[in-house]
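Visitor: Below are the chains, spelled out letter by letter.
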Amino acid sequence: MVNNSSIIKLKGIHFAYTDAAPILNNLYFTFFKGDKVGIIAPNGSGKTTLFHLIMGLIKPQAGDIELFGAIMKTEKDFAKVRHRIGLLFQDADDQLFCPTVLEDVAFGPLNMGKSRKEAIDISRRTLSFLGLSDFENRITFKLSGGEKKLVSLATILSMEPEALLLDEPLAGLDVKTRAVITRALTEMNISYIIISHNINFLETTTRKILTMRDGQLITDDQVHVHLHGHAHAHGDVPHNH
Amino acid sequence: MIEEPFVAGNSFIHRIDPRFRVVGAAVFSFPVALCHEFPSLFAALFFSLAAVLFSRLPLKTVFKRLILVNAFILLFWIILPLTYAGDKTIFIGPVPLSAEGILLAAKLTIKSNAILLALISFIATMTFATFGHSLSRLKMNKKLVFLLMITYRYIFVIFQEYQKILRSIKIRGFQPRTSMHTYKTFAYVIGMLLIKAADRADRVFDAMRCRGFKGKYYSLTDFDADAKSWVFISLVCGLTFGILLLEIFIHG
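Quick mapping for you: the protein sequence lines, in order, are chains A and B.
Residue 335 is where the first sequence starts when you use the numbering used here, and the numbers rise one by one after that.
Residue 1299 is where the second sequence starts when you use the numbering used here, and the numbers rise one by one after that.
Hints listed in this document are in silico derivations from the structure and should not be mistaken for laboratory results.
Certain hints may be false.
Ranges of calculated distance between the beta carbons of each label pair, as one might list FRET restraints [what the hints assert, rightly or not]: (1) B:A1331 - A:R418: 44 to 54 Å; (2) B:Y1481 - A:K367: 33 to 43 Å; (3) A:H348 - B:L1366: 51 to 61 Å; (4) A:S462 - B:G1513: 26 to 36 Å; (5) A:E409 - B:A1331: 24 to 34 Å; (6) B:Y1516 - A:K367: 23 to 33 Å; (7) A:S462 - B:N1439: 33 to 43 Å.
Stretches of chain B that chain A covers, calculated by requiring three or more beta carbons in the stretch to come under 8 Å of a beta carbon on chain A [stated by the list, open to error]: (8) 1425-1432; (9) 1447-1459; (10) 1495-1503; (11) 1509-1516.
C-beta: ideal position from N, C-alpha, C; glycine also.
Generate coordinates for the entire structure from the input sequences, incorporating the hints supplied.
Guide: Okay, structure coming up:
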């Protein structure tokens, strides 16, 4: 694939939280337009950190982050391209902060300079795509966990991003809400990276599944993730037999 | 946790443009807070009682809210007669009570109830979200309005986190006693709550940055300053002016 179609390019990323062992160590990763990637890895292996680095919410101690072909150095660089990548946070309460659903979904488009009418139109379309048409005037903090998650997804999709970073999108959700999210992801023509512990979900929604080891994303063939039906202590973690 | 029992309704007051209601509440409250004479205070109380009746609110719920505030005012009834300096003194047994103190407490009571009833009728009849938007449309300080809205949004989340911590100490057999262990535990609970709130604030801000937040908060509500809103605000201004005239006339 040609170089200019890469959305995310990470080169030699090194990141450690203060007073702790490095969580990401010389990490290389390239994410192309059209890619649908899953990441399945143990807790604390740096998956969420990776997402936050990509969005420029935290800064690596070393290495380059390239988004849409441009090297990101300052907050200004990130602010310019951030809306082109939608990050879905683990906790929906972090994402929804407006009193009503419609305002929250319209917040992104309005920040991008859309007129009120455009913002409302696109928000309504997004809500109806996720089966949330009646939710417009609901109060965000009074929604159920599943509803909050779907509305969070709507707040991201309404910005019409080119790529999605989904941090455990199914965690704690019931079967119905899971189905809505899975359907939305398979129906949309959009690139995304999903962090999840649910291998069935990743198998249906992604084309490539990676894992993390020693602070690096493992992309080569020594790890082949596949579904198999027996239980053992580390069944959730990709492994060789 | 924050209930809005007066929002549902379709009275004359409910249908007034929220901005006009906010202005009306301010126009009424400040002069009344400065009144001193009983006739003008009673006029104000009568006016706000009428407003509540006009909003057709569940009177029982209104009464419950009043009890809450009046419990606080009760403190004045205890403190003022005992401490207020004045010439006239009434003795109940050996206890000297200042007559001026009693009158002042009575004035405070009428005043607070009048203002509170007006606020219930004008402001509590709109959702908190609408109230915030009205303030921002009235060009109130953006940061303060934003702070108010965010507080409203997250006070619930923080309360849930507080309950979570309480449950987790309860299931491990914690019982408050007068002991170092109890004080220490409560200190931990408060400390943990502060840390969690600060953490939450960081994450919310991150999420907002991801959606292109540039310090501006948008409101999607349309307000409609129709004829009845103008009638409403004229009425409020007129009656408040009347109360003021009464006050000045009596005061001399």
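Visitor: Work down the list of hints and note, for each, if the structure agrees.
Guide: Structure-based check of each hint:
1. B:A1331 - A:R418: 44 to 54 Å: Hint holds: Cβ distance 53 Å, inside 44 to 54 Å.
2. B:Y1481 - A:K367: 33 to 43 Å: violated, 58 Å
3. A:H348 - B:L1366: 51 to 61 Å: holds, 57 Å
4. A:S462 - B:G1513: 26 to 36 Å: holds, 30 Å
5. A:E409 - B:A1331: 24 to 34 Å: violated, 46 Å
6. B:Y1516 - A:K367: 23 to 33 Å: holds, 31 Å
7. A:S462 - B:N1439: 33 to 43 Å: At roughly 36 Å between Cβ atoms, B:N1439 and A:S462 fall inside 33 to 43 Å, so the hint holds.
8. 1425-1432: With 4 residues close enough to chain A, the hint holds.
9. 1447-1459: holds (count 7)
10. 1495-1503: holds (count 3)
11. 1509-1516: holds (count 6)
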